[in-house]
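Visitor: What follows is each chain in one-letter form.
Protein chains: 4
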Amino acid sequence: MTAPASPDLPAAGLPDRRPATLDDLAIELPSWAFGNSGTRFRVWPSPGTPRTVQEKLADAAQVHRYTGLAPTVALHIPWDAVEDYAGLRRHADDLGVGLGTVNSNTFQAETFKFGSLASRDAAVRRVAVDHHLECLAIMAETGSRDLKIWLADGTNYPGQDDIRARQDALAESLAELYAQVGDDQRLVLEYKFFEPAFYHTDVPDWGTAYAQVTALGERAVVCLDTGHHAPGTNIEFIVAQLLRLGRLGSFDFNSRFYADDDLIVGAADPFQLFRILVEVVRGGGLGPGSDVALMLDQCHNVEDKVPGQIRSVLNVQEMTARALLLDREALAAAQAANDVLGAHGVFMDAFYTDVRPALAAWREERGLPADPMAAFLASGYLARIAEDRVGGTQAGWGA
Amino acid sequence: MTAPASPDLPAAGLPDRRPATLDDLAIELPSWAFGNSGTRFRVWPSPGTPRTVQEKLADAAQVHRYTGLAPTVALHIPWDAVEDYAGLRRHADDLGVGLGTVNSNTFQAETFKFGSLASRDAAVRRVAVDHHLECLAIMAETGSRDLKIWLADGTNYPGQDDIRARQDALAESLAELYAQVGDDQRLVLEYKFFEPAFYHTDVPDWGTAYAQVTALGERAVVCLDTGHHAPGTNIEFIVAQLLRLGRLGSFDFNSRFYADDDLIVGAADPFQLFRILVEVVRGGGLGPGSDVALMLDQCHNVEDKVPGQIRSVLNVQEMTARALLLDREALAAAQAANDVLGAHGVFMDAFYTDVRPALAAWREERGLPADPMAAFLASGYLARIAEDRVGGTQAGWGA
Amino acid sequence: MTAPASPDLPAAGLPDRRPATLDDLAIELPSWAFGNSGTRFRVWPSPGTPRTVQEKLADAAQVHRYTGLAPTVALHIPWDAVEDYAGLRRHADDLGVGLGTVNSNTFQAETFKFGSLASRDAAVRRVAVDHHLECLAIMAETGSRDLKIWLADGTNYPGQDDIRARQDALAESLAELYAQVGDDQRLVLEYKFFEPAFYHTDVPDWGTAYAQVTALGERAVVCLDTGHHAPGTNIEFIVAQLLRLGRLGSFDFNSRFYADDDLIVGAADPFQLFRILVEVVRGGGLGPGSDVALMLDQCHNVEDKVPGQIRSVLNVQEMTARALLLDREALAAAQAANDVLGAHGVFMDAFYTDVRPALAAWREERGLPADPMAAFLASGYLARIAEDRVGGTQAGWGA
Amino acid sequence: MTAPASPDLPAAGLPDRRPATLDDLAIELPSWAFGNSGTRFRVWPSPGTPRTVQEKLADAAQVHRYTGLAPTVALHIPWDAVEDYAGLRRHADDLGVGLGTVNSNTFQAETFKFGSLASRDAAVRRVAVDHHLECLAIMAETGSRDLKIWLADGTNYPGQDDIRARQDALAESLAELYAQVGDDQRLVLEYKFFEPAFYHTDVPDWGTAYAQVTALGERAVVCLDTGHHAPGTNIEFIVAQLLRLGRLGSFDFNSRFYADDDLIVGAADPFQLFRILVEVVRGGGLGPGSDVALMLDQCHNVEDKVPGQIRSVLNVQEMTARALLLDREALAAAQAANDVLGAHGVFMDAFYTDVRPALAAWREERGLPADPMAAFLASGYLARIAEDRVGGTQAGWGA
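Chains as they are written, first to last, in my numbering: chain A, 1 to 399; chain B, 1 to 399; chain C, 1 to 399; chain D, 1 to 399.
Keep in mind that a hint or two might mislead.
[Stated by the list, open to error] Simulated DEER-style distance windows between Cβ atoms:
#1 Ala336/D x Asp121/A: 50 to 58 Å
#2 Ala375/C x Asp93/B: 54 to 62 Å
#3 Ala378/A x Ala336/D: 17 to 25 Å
[Stated by the list, open to error] Stretch-level coverage of chain D by chain B, calculated; a stretch enters the list once three of its residues show a Cβ under 8 Å from a Cβ in chain B:
#4 102–116
#5 257–266
[Claimed, not checked] If you want a taste of the chain B side facing chain D, the calculated C-beta under 10 Å gives, among others:
#6 Lys113
#7 Tyr157
#8 Arg256
#9 Val302
To be clear, the hints were calculated from the coordinates, so they are not data collected in a lab. Just so you know, these numbers come straight off a predicted model, no measurement behind them. All C-beta atoms, glycine included, are put in the ideal place defined by N, C-alpha and C.
Make the full structure from the sequences, and use the hints.
Guide: Here you go:
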């Protein structure tokens, strides 16, 4: 029951591919994680918070610089809207990062108070579809592949609207939109259990997202946000299922104890993150041939943002290392023998292995600091931005 | 905001059909509800509990006699296995009821300790498929349309087995089985959140059941058991969605406060039952053209069984009456105006209407007792079976 | 199993008191329900939203005028802070309402980012205690009896702070504060499962609130907010228990499907509201001798506020009427006989009785409109305030 | 952020005591874990399952022999009832283990169908109290300190019984019983969220257990079963609170994903187990001066029982080692600075440390096998009991 010595050890992926390794890991950062966020009770600002998308990119570039794990940054429109996207793309290149997924916003305009793509009002749907078409146009300039759609659509009171008719309206909106998705673009539909709608949500579960995207076509896939499930949901099962069905488009990583808490990924239930990543590796979601995008979607309500993002990508890396360590042959043998405790033991061995020393070595081999967090904190960056970024309006959700 | 006076008032179903009415309502009873059931802590027997399937049918016939609502009885194989199914069918006819859905059992044979249709062991799957083929054969004799499959398959510990491979195994088993389903038969796949498996369940949610049955063909549909969801799940949304997708095969009605409590339908959250039935009516799941089967699946752990079933079918009837009362025109108008409180008010008006007097009248018009529960309790049937059914082994789950 | 004809029928309260009746019902309105509220995603403003506490009181007075149910209004400091509280009290009197509970606020000042009364920083606790002493001083002027304390205190990450030490700090703060609570004042401690803290909350459950207030003295009691529990919690049990222990100080009524959704009371699970009110009546929480304060605490995110509050107090009244209708003698007899279905039937009979006609009559006898909602909507008040209240800053949470 | 090298490192307990160390750890085994158990769907027997309490003790002694962690065994009456308890005590001594907590059973006798200590029927309460008095008498012979009371009492349907009156009845029963608890004995009251009762449970939460035991006296304390909470409950908070209040009597360790799954402790959420043990150490619940009893309460439905128990005690030991490793000085410093990520980092460092090599060394120093599981499996014990224990009736819950 001893575990292999190196986290780089190849693991059994799908048969005809090079096995995934740690070098395949790339985690996309959300631009909005560098802005202020909070709860309905309070948003706490912090010194040095970016005022512009350019400053968000600069912060994100720090995460990549110290970890080598975060080569791209997701944008949120209109929060990150600029006049010159080609210029923004060059700016990102200069910082050493790329522009990634474009996220639409249908939860803040007055028009969308009662719904957007799922509204039964054709005029509202028109505005919502047009917003997404604008996002597709932006993607053409930024070179982004994925249009990610998370909808706040839903109702607060039974009877407030017709659940079934809204589902049809949503299908219609998505079809119109999908017709404009380019050959090298994807429509990624995210589901969420609840919030901000408190009675019904129009895309509440993976089943709904799956049914909607299969009605569209092959370039429509599902985004799994790890905080968007009912209590007790076995998330790794959904990961395995969506990979099996060929519809897992991306992850929004974060963690939660209660609802959509948006805490740092791996902070609430590290073992769950391990199980999820085991299924990602198992199902071919990492490495050659995979087009699953791994992203963060978190709020740093009370902790510093740049270190919060560094901690997050390191957590994903550490757990991926453990998942890659899993002795799949021993596991398969124990499973075949119905040796419940034996199989579980092999599984836990990988989880309990302390991969931090091996990862420090891995980093040093690649010219990265052995301890990215310590190196970043010692760099003085936080003090510098606190001093430099004076005046203006700190970025936030604008809620 | 006044509600219509009669529960028979037509409600808006699908446009090209006669609207559903109360007379369309038929609820199938589970034979096992008349046997003993309980928890892992204790199964409490009660006097008069049936020893044979014939006695179960006799009890079920009482429910129909006093309510006019329960014309058929679902069987569970092997609990209700007999040598002569044609004879059993005639026996049921004589009692005034028909034989309905056949339920398979893959959770008690030693062979199935680690899974049945989803087992990765081909020999185990062979036994499991054969059991279902036997059920199909029985259905031919009983005249049953539906083969209902609820699987206990799953694991208790992370790593115990390969989630993804089991899903593939399940698909393979179902495909082999589906090939034998007759033109006038249906395969109905039930999902369940958890129990008896405590880590992963192979068909845990509607999305999985939907993905599996769509891979089979048109005569494969989903069974929604109202107690088989994660806490907080909006069940009426799933009802609406499955009806929209054309895959809602049947209901297993019951109610719960916590897990799969299997209490009397409507006892825990009557308003939820109302919302579910509103979507059933709205989506064409009742009345002409509908092939959705409404069944009970409950345990009467501490209450009398025959009255427990009477209470259950009356609860479904009362809530269906309220759902039919819903003033859909007023609702649509308020919804179109985004009048949240107005629309919710129309919805609640139907729920808060006391339909019991109108239902008493409806019964008397049809030669049924105005108060079925009182009439049954006055009949002396419970005392009679307690006296008659002495000796033998009371039916139960045989766990 | 027939239910009594009138909702005014006396119900069995505690033996030596006049039984509670509908006339005993008085529901306190929260001033903040008339301001804007929302989620972290968006706060939707609405025309006519009050800019001042005086305008909030005017709106609240409308609720009382049309229902006769809401004679007092709770204040929130500093949201409702004014220079002249005696003047505010007179203003309220002129409007026909009184000033009620004073609610403190420890979740918005920068000082309280990491805690307030439960902070381990003595300087922070000093500020927090002083804020509450200021509230006590205000109460002396407004004539309020209750100081309600809901704490946002908690942490987001395991290890962030010392759970045990914070509990001791909280006890110390409360003791210092309680020493200043007047003989005719009460300290009311509210608990909440989670939010805005996402790992641990310092007063997360009734047990903690109970342990803290019993350490203080007799004038320290617990506030039960119906939306502040873990999924599946049996709230009426807690009501019964706190009444039994003599520590139920007040309710914050609202309803929820998921978390602290703050929907209209009775909108999500009317039967739960019924069960709660049955225990209130049963335990002497209504009527002569009771000092339990019934308050609303809700957010009208998408619906109109004044009608939202009217709907809420009517819901509480309708359910109280049903609770008073419960045939407690028949219930007791069935319970004594272990007649599970009989007892449950008596219970449901009260719930299913349509009390609306009787309540309309009750209102007319008291010179109130039979249909308060219709009368209010016809009054033109909403249009008037939308026209009059132009300019200024609409009241909200200021988050 | 480096963690100390040895798991034996002293940790900050309460100031005036020797700090707890790994040598203080002793975990009591439940005799019933060696018998068959399962769900309402099926109980799977296994070869070699004990037929008698003597055989259960023999199995338990194996766990202690290989781990050095499990010196005592809890009994369950009447499952483990014998004629000669002094003889049983000697038998245990001969096997190298002691007899521990005595658990009563009020969930299987026909008398207790509707309740036991909380029944409103005085005759039923009489039987229930007498059963507990019998347990106290047994404890005098076995030398046990603790009488553990878990009650299945509750109801399945709203209205079935009077929640408040049952609470009073329970208080009365406990008072009568407590009067007979010896000076060196304790009454330990366990709470449970739900099951087997599905509407209300008479001791559903720690608040109720706490209120009931404080009404009794100092030798009445609370048992915390880690599987007996609502979804999302912060269990370590309750641990800290009960320790603070001086009422944490014992633990029933197990783990769960959904309900009271009774899986192996640490198998479902290892990080939660870590957090719990951090609070145990922090609050003085381990080591000198502590009288908190650490017990297992689990079901090995599909895995081998003796290895299941070995795995369990090792899991508790490994997590205790991590909890002892926590650098409390660094943690306190980071907490005092409101350094959220720093404090969380110190906390996680202890959790992520692989303590297995150090524990292997610790065992070898004490003459125990470095790998207890491998040593036990190699011993041939399982094959031996499978061969020897033929005939008779395997022990189980007798449900």
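Visitor: Now, for every hint given, state plainly whether the structure supports it.
Guide: Do the hints match the structure? See the list:
The hint said 50 to 58 Å for the Cβ distance between Ala336/D and Asp121/A, and at roughly 55 Å that hint holds. Between Ala375/C and Asp93/B the Cβ separation comes to about 59 Å, which falls inside the hinted range of 54 to 62 Å. For Ala378/A and Ala336/D, the hinted distance range of 17 to 25 Å is satisfied, since their beta carbons lie about 21 Å from each other. For the region 102–116 of chain D, the stated coverage by chain B is satisfied: 5 residues place a CB nearer than 8 Å to a CB of that chain, which reaches the threshold of 3.
Judged by the Cβ-Cβ criterion of 8 Å, the region 257–266 of chain D is covered by chain B as claimed, because 6 of its residues qualify and three suffice. Given hint, Lys113/B at the interface with chain D, holds; its Cβ is 5 Å from that chain's nearest Cβ, closer than 10 Å. Because the closest C-beta pair between Tyr157/B and chain D is about 6 Å apart, less than 10 Å, the hint holds. Interface hint status for Arg256/B: upheld, as the beta-carbon distance to the closest one in chain D is roughly 7 Å, under 10 Å.
About 6 Å separates the beta-carbon of Val302/B from the nearest beta-carbon of chain D, less than 10 Å, and the hint is met.
The structure is consistent with each of the numbered hints, conforming to all of them.
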